[in-house]
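Trainee: Take a look at the letters that make up each chain.
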Amino acid sequence: MKLDFEEVSVAGLAKSYGPTLALAGVDLRFEAGEATVIRGSNGSGKSTLLWLLAMLAHPTRGEIRYGRYGVSRADELRGRIGFVAHQLQLYPGLSGHENLVLAAKLQNIPYAQKRATDLCEALSLDEYWERPVRTYSRGQAQRVSIARALLHQPRLLLMDEPATGLDIKSTASFIELVEQQKRDGAIILIVTHEAQFAGAVADRVLHMDRGRIAEPHP
Amino acid sequence: MNTLRAAWLVALKDLQLEMRTKEILTSTGLFAFLVVTLGSLAFYTDPVSSPNVAPGVLWISILFCGILLIGRSWALERENDAVYGLLLAPIPRPSIYIGKTVSALILLFAIELLLVPLCLIFFQIEASGIWLPLLALVFLGSLGFVSTASLFSAVGIRTRARDLMLSVLVFPLVAPALLASAVATRELFAGASMTELIGWLRILTAFDLLFVGFGVWISRHLLSET
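Line by line, the protein sequences give chains A and B. Per the working numbering, the first sequence starts with residue 1, numbered consecutively. Per the working numbering, the second sequence starts with residue 1001, numbered consecutively.
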């Protein structure tokens, strides 16, 4: 049975890499159907926050709760989290479709092949889906990465600079896709430097500075 | 998802990538051919000295091919940070280690299917009657080596000195398995029977169980944060 949660909260979340303090004690709460955009200068801790929420790193201190579940249920919670990272995390030697099928199988999605094919068609990836990812432009690979994050209909969607490389048409489709995810009740966190994109999707904008939340914007 | 199914998916992905590029099989296969050829030419052998020299050449080839192969296999995971795609999946962490070990073992075994007959031919070793114990020795020795090297490659995902670490730490650790394999192979080539080799096979099996078991256990922690 898939775990379900309506909110994600972090309390006193901190992360150090050796002597470098990347996140200096953050308290936040994210709710279903809401898109939060996180902005801030380079090295302010935005991506670290996403990596901690994706359970790809352990916090130095503090706690993350996914509804009533903690990270002790990590293996099951991962099935409810979608992550678009800055590095695309795709196998360059596999085609976009093969990358999606692999992810769908690892997510234990029934009819993995069909789900991957449907998503490729929905995101207009089908023109190039059989070519190896290494032949893709950044924008094309980015769309595959976004598709992979959506494969398993995640409850928490984390995206680090998701509009990188997307052309105007793809960005517009992506904004519509984020709106659809919000309507479906996903909790969405987006790290971006692009003000126009942030303005189009954000219900809430947070600004980070030196590992802390600097100022909340209404 | 259960660990073995997830591990099989990881292994299958590696094999699919290799079948497409044939990069690992070509480079390590050629390397193996070169080492055996040079070994047979460099050492002047006769029917008496051949059984003593051939095991060394065979296991040195396996060792270096294995290091090349495993290094390349994990390099694929670092390209584009692809390994995080696996780490984001709701699969038990040891399945990644098991999957990578299985795929590396299958590829190394494919190379050994070329390497072993070449070695027997070049060193004029009589092949009849030794195939089964030789395959058992090669399989058990390779399993011990691959399971250890895969473990250190998993650690190396977040280490800059990964290649150095792989060479410096893996060789001493797998030394007991490699020595047992080389000595048992020498005895086999010198005419020892299966009964006489049982002791070596037991040592190799024990080493394999220890390292595979330890690898599965520790990979849960090693791969939980990268």
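Keep in mind the hints are simulated off the structure, nothing from the lab. Hints may be right or wrong, so weigh each one.
Stated by the list, open to error - Partial list, computed: chain B residues near chain A (C-beta under 7 Å):
| # | residue |
| --- | --- |
| 1 | L1004 |
| 2 | W1008 |
| 3 | L1009 |
| 4 | K1013 |
| 5 | R1020 |
| 6 | T1021 |
| 7 | L1025 |
| 8 | D1081 |
| 9 | A1082 |
| 10 | E1187 |
| 11 | G1191 |
| 12 | L1222 |
To be verified - Estimated spans, in silico, between C-beta atoms of each pair:
| # | chain 1 | residue 1 | chain 2 | residue 2 | range |
| --- | --- | --- | --- | --- | --- |
| 13 | B | L1201 | A | E7 | 23 to 33 Å |
| 14 | B | L1209 | A | E127 | 28 to 38 Å |
| 15 | B | E1126 | A | Y17 | 41 to 51 Å |
| 16 | B | L1034 | A | T20 | 56 to 66 Å |
| 17 | A | H86 | B | W1217 | 27 to 37 Å |
| 18 | B | A1075 | A | Q196 | 56 to 66 Å |
| 19 | A | D27 | B | L1201 | 18 to 28 Å |
| 20 | B | R1078 | A | S124 | 35 to 45 Å |
| 21 | A | E63 | B | R1005 | 42 to 52 Å |
| 22 | A | G139 | B | A1075 | 18 to 28 Å |
| 23 | A | E7 | B | I1218 | 30 to 40 Å |
| 24 | A | G70 | B | T1195 | 55 to 65 Å |
Don't be surprised by glycine CBs; every beta carbon is placed ideally from N, CA and C.
Trainee: Against this structure, judge whether each hint is valid.
Mentor: Hints versus structure:
Proximity of L1004 (chain B) to chain A is violated relative to the hint, the smallest CB-CB distance being about 14 Å (cut-off 7 Å). The beta carbon of W1008 (chain B) comes no nearer than 10 Å to any beta carbon in chain A, farther than 7 Å, and the hint placing it at the interface is violated. The beta carbon of L1009 (chain B) is positioned within 7 Å of a beta carbon in chain A (closest approach about 5 Å), and the interface hint is therefore held. Hint status for K1013 (chain B): holds, given a least beta-carbon distance of 6 Å to chain A, under 7 Å.
Because the smallest distance between the Cβ of R1020 (chain B) and any Cβ of chain A comes to about 6 Å, under 7 Å, the interface hint for this residue holds. At about 6 Å, the closest approach between the beta carbon of T1021 (chain B) and any beta carbon in chain A falls short of 7 Å, and the interface hint on this residue holds. Evaluation of the L1025 (chain B) hint against chain A yields a violated restraint, the C-beta minimum of about 14 Å exceeding 7 Å. Hint on D1081 (chain B) holds. Least Cβ distance to chain A is approximately 4 Å, under the 7 Å limit.
For the restraint placing A1082 (chain B) at the interface with chain A, the shortest Cβ-Cβ distance is roughly 5 Å, inside the 7 Å limit, so the hint holds. A least Cβ separation of about 42 Å between E1187 (chain B) and chain A goes past the 7 Å threshold, and the interface hint is therefore violated. Among the interface hints, the one on G1191 (chain B) is violated; its C-beta lies about 46 Å from the nearest C-beta in chain A, farther than the 7 Å criterion. Because the closest C-beta pair between L1222 (chain B) and chain A is about 13 Å apart, greater than 7 Å, the hint is violated.
Between L1201 (chain B) and E7 (chain A), the C-beta spacing of about 57 Å breaks the proposed range 23 to 33 Å. Checked against the hint of 28 to 38 Å, the C-beta distance between L1209 (chain B) and E127 (chain A) comes to roughly 50 Å, which is inconsistent with it. The beta-carbon spacing between E1126 (chain B) and Y17 (chain A), approximately 59 Å, falls outside the hinted interval of 41 to 51 Å. For the pair L1034 (chain B) and T20 (chain A), the supplied restraint of 56 to 66 Å is violated, since their beta-carbon distance comes to about 46 Å.
Between H86 (chain A) and W1217 (chain B) the CB atoms are about 33 Å apart, so this pair conforms to the stated range of 27 to 37 Å. Taking 56 to 66 Å as the suggested C-beta distance range, the pair A1075 (chain B) and Q196 (chain A) does not conform, at roughly 38 Å. A C-beta distance of roughly 60 Å is found between D27 (chain A) and L1201 (chain B), which places it outside the suggested range of 18 to 28 Å. Checked against the hint of 35 to 45 Å, the C-beta distance between R1078 (chain B) and S124 (chain A) comes to roughly 30 Å, which is inconsistent with it.
A beta carbon spacing of about 32 Å between E63 (chain A) and R1005 (chain B) contradicts the range 42 to 52 Å that was offered as a hint. A beta carbon spacing of about 26 Å between G139 (chain A) and A1075 (chain B) agrees with the range 18 to 28 Å that was offered as a hint. A hinted range of 30 to 40 Å holds for the C-beta pair E7 (chain A) and I1218 (chain B), which are about 35 Å apart. At about 56 Å, the CB distance of G70 (chain A) to T1195 (chain B) agrees with the hint of 55 to 65 Å.
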